[in-house]
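Colleague: Once you have looked at the hints, place chain E on chain G.
Residue numbers (this note's numbering), protein chains in the order written: chain G, 184 to 296; chain E, -13 to 97.
Just so you know, these hints were derived from the structure itself, not from any lab.
For lysine-lysine, the following PhoX-like pairs were computed, each having C-alpha atoms within a straight-line distance of at most 20 Å:
#  : chain 1 : residue 1 : chain 2 : residue 2
1  : E       : Lys84     : G       : Lys240
2  : G       : Lys281    : G       : Lys240
3  : E       : Lys12     : E       : Lys55
4  : E       : Lys84     : G       : Lys254
5  : E       : Lys56     : E       : Lys12
6  : E       : Lys42     : E       : Lys56
7  : E       : Lys84     : G       : Lys281
8  : E       : Lys84     : E       : Lys56
9  : G       : Lys197    : G       : Lys266
10 : E       : Lys55     : E       : Lys42
11 : G       : Lys254    : G       : Lys281
12 : G       : Lys240    : G       : Lys266
13 : E       : Lys12     : G       : Lys281
14 : G       : Lys253    : G       : Lys240
15 : E       : Lys56     : G       : Lys281
With the C-beta cut set under 7 Å, the calculated list includes, among others, these residues of chain G facing chain E:
#  : residue
16 : Leu226
17 : Leu228
18 : Leu273
19 : Asn282
20 : Pro284
21 : Phe287
Where is the CB? At the ideal position from N, CA and C, for every residue including glycine.
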Amino acid sequence: DGGITQSPKYLFRKEGQNVTLSCEQNLNHDAMYWYRQDPGQGLRLIYYSQIVNDFQKGDIAEGYSVSREKKESFPLTVTSAQKNPTAFYLCASAQQGKNQPQHFGDGTRLSIL
Amino acid sequence: SQQGEEDPQALSIQEGENATMNCSYKTSINNLQWYRQNSGRGLVHLILIRSNEREKHSGRLRVTLDTSKKSSSLLITASRAADTASYFCATDSTGGFKTIFGAGTRLFVKA
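Isolated chain G (complex conformation) (with noise of 0.2 Å):
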């Protein structure tokens, strides 16, 4: 089945540590997105990649950094720059284009230890 695959579900974070959300997808999407959501919230966007090897920044990037070696990957890094990490985690993907339907991991949640 096609579908996008994050990992891991829960993810502690030391103060000072560097950490980072997998988000892999075989849906043969080129862009790719990351989002952030805190409680009762909707999602912001950190990063966003329209094709392999090129990234942009959302609304919320700072503390946060990304790479896009792969079509199919998509890694999120919190830093330690991110003073308040504390939040769910999404990533998603689509075919390339303005606003399309978006497909959705299941999520990570990050917390701080």
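Modeller: Positioned in the frame of chain G, the structure of chain E alone reads:
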């Protein structure tokens, strides 16, 4: 940046009743989408309506779009307990590839 804003923030109904959620946005759009999110899960795409369409149906879902009022509504008919979820509208951003999500309506359907 433009944003869809859902109304109401929360809605509680009995099974079998209809549920209506509204979304307002601020600037011109190419299309508007509705998504559902079950607790602790990712979003699932429900329906997309283009700016030149006024109404669209999919099963028990009916979406309307009024571009003159910059608003959309999602109607779920004959609701079921399994419809309990958060519902989000999403619009495209002017001139870019970002999708802007609203804060969502939390729907609770009582059995």
